[in-house]
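Starting from the given sequences, assemble the full structure and let the hints guide the process.
Now for the letters of each chain:
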Amino acid sequence: MTLTNKLVLCGLLIGMAAYSTPNNSHADESAQVVKITASKFHFTPDHITLVKGQPVILQLSSTDRAHGFLIRALKIDADIKPGTVTHITVTPTTAGTFKAICDHYCGLGHSGMKMTVVVQDVTAKASSEHVLTASNTISK
Amino acid sequence: MKDQIARRSFLKIAGMSLGIGVVYEFAPFLANRLEAGAITDFFKKANGEAPASFTFAQFSDPHVGFQGPPDPLGTKAFETAVELINQNAQHPDFVLFTGDLTHDAENRDAHAQRMQLFKSIAGRINTSALHTVPGENDAALDGGVLYREHFGETYYSFDHKGVHFVALDNVSRGRPEVGADQLAWLKADIGRFPKTAPIVIFTHRPLFDLKPEWEWFTADGDVVMNVLAPYENVTVLYGHIHRHHFRQTGRVKHYAARSLIFAFNDPATNEDKKQLPFNKDDPFKELGIRRVTSERDGVALRVNDVVLTKAEFSGLSGIQQMLKGNNSIGGGSSNDTD
Numbered sequence: 001m002t003l004t005n006k007l008v009l010c011g012l013l014i015g016m017a018a019y020s021t022p023n024n025s026h027a028d029e030s031a032q033v034v035k036i037t038a039s040k041f042h043f044t045p046d047h048i049t050l051v052k053g054q055p056v057i058l059q060l061s062s063t064d065r066a067h068g069f070l071i072r073a074l075k076i077d078a079d080i081k082p083g084t085v086t087h088i089t090v091t092p093t094t095a096g097t098f099k100a101i102c103d104h105y106c107g108l109g110h111s112g113m114k115m116t117v118v119v120q121d122v123t124a125k126a127s128s129e130h131v132l133t134a135s136n137t138i139s140k
Numbered sequence: 001m002k003d004q005i006a007r008r009s010f011l012k013i014a015g016m017s018l019g020i021g022v023v024y025e026f027a028p029f030l031a032n033r034l035e036a037g038a039i040t041d042f043f044k045k046a047n048g049e050a051p052a053s054f055t056f057a058q059f060s061d062p063h064v065g066f067q068g069p070p071d072p073l074g075t076k077a078f079e080t081a082v083e084l085i086n087q088n089a090q091h092p093d094f095v096l097f098t099g100d101l102t103h104d105a106e107n108r109d110a111h112a113q114r115m116q117l118f119k120s121i122a123g124r125i126n127t128s129a130l131h132t133v134p135g136e137n138d139a140a141l142d143g144g145v146l147y148r149e150h151f152g153e154t155y156y157s158f159d160h161k162g163v164h165f166v167a168l169d170n171v172s173r174g175r176p177e178v179g180a181d182q183l184a185w186l187k188a189d190i191g192r193f194p195k196t197a198p199i200v201i202f203t204h205r206p207l208f209d210l211k212p213e214w215e216w217f218t219a220d221g222d223v224v225m226n227v228l229a230p231y232e233n234v235t236v237l238y239g240h241i242h243r244h245h246f247r248q249t250g251r252v253k254h255y256a257a258r259s260l261i262f263a264f265n266d267p268a269t270n271e272d273k274k275q276l277p278f279n280k281d282d283p284f285k286e287l288g289i290r291r292v293t294s295e296r297d298g299v300a301l302r303v304n305d306v307v308l309t310k311a312e313f314s315g316l317s318g319i320q321q322m323l324k325g326n327n328s329i330g331g332g333s334s335n336d337t338d
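Protein chains in written order, with the numbering used here: chain D, 1 to 140; chain W, 1 to 338.
Mixed in with the good hints, there may be bad ones.
[Claimed, not checked] Straight line, CA to CA, 30 Å or less: simulated DSS-like cross-link-like pairs of lysine-lysine:
#, chain 1, residue 1, chain 2, residue 2
1, D, Lys40, D, Lys75
2, W, Lys76, D, Lys81
3, W, Lys44, D, Lys99
4, W, Lys211, D, Lys35
By construction, these hints were calculated from the structure, which means they are not laboratory data.
This is the structure we're talking about:
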């Protein structure tokens, strides 16, 4: 394994941790918990917003059958099994809008089972607002 | 885009291919090369076959049982492709089907009937053998149980006239993945061959991250590619994406086939995956002919896609017109190279 690969792997381990427990769990209580429920063929809610650099626990459950929760770009890949709550601790490091999909084939509506995950860069936003304010001030 | 082929490449893709199925022609043009002798000896010892020219066809994604919209024609494109192949004087040695032979049905009996209908239509092809791999519609919901009852194992390999063919299953585990057991099998299977042996992998999903958010990927595709990396002449034929696409990763060339039911939109320019709407005045939109022409020295090949012109629902007259080379210019393709 190259040094680069080791660093990437280390980064992934730091950036995301997943575990499953029956029904409830004891997760990192300092992190915000976002509950996501999977059912054929949708996620509820279908849109969440996270903050770059801020840890969050995604609490995933299914009402019917096995589903998946995949955001390839963020290296998030979890199984959601009925009767089990899957917890993923995520610290998003990339701002942007991402699609999470179910990657466990679950029937004829499977390809439409997705949700939107927005990762906001609060620091950049604040900086941008500051610049905008300054610019406005100048233009006045 | 011009696709480069290594000068020492054994496996030459030439002749024509069809948008509603693909015809590949293989020519043993290593005859004057040093490794040709070793390859010939290897296959003669392995199965008694020496490398020889041959043709095979690839059909993909007929989705038997699908009812429109967007395509109200059901199995018409599939049946038309079968007629087309049968009318060609040179019958393919065999036909590969790269998945989604049937459209999924949650009722087991209904799904079984679709598999029987698929076999009935495919059985009309004038060829010696049909080789299939499952798509997620065929095998993902029940782990491939029904598929195996109708078609046999979901992964296997065979040799044909000096080319080693490998059927890979990246659907029946429910997720888009090959899995550890099959990876171990693949490594052992191709481990028997010289690194210069021509190998064709046929599978359903792309083995690279083409568009993961559309589920156009295989989760452990990179591991498959690592297994294949030492081999110099590997071609991957796949379906699933319902449109033409070419990509080269390292020395491996990946070709996607169009479907026999409807096309998807372009992943490069669209955020969401959508089936292209059916147009009665242009019923074979995004179906057409792909001609793959080998240039004189065999170093490069040229890929021309031809979109069919207006045709009746049967489409046969339009396709025949294209095959004769009339009005057959145009069409785009989606190619890229890593």
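*Given pair status - lysine 35 of chain D, lysine 211 of chain W, alpha carbons within 30 Å*: 27 Å, holds
*Keeping to a limit of 30 Å between CA atoms, is the pair of lysine 40 of chain D and lysine 75 of chain D held or broken?*
23 Å, holds
*Measure nothing beyond the straight line between the CA atoms of lysine 76 of chain W and lysine 81 of chain D; if it is 30 Å or shorter, mark the hint as holding.*
Cα-Cα ~39 Å, so violated.
_Holds or violated: lysine 44 of chain W and lysine 99 of chain D, Cα atoms, limit 30 Å._
51 Å, violated
Violated hints, listed in ascending order, are 2, 3; each of the other numbered hints is respected by the structure.
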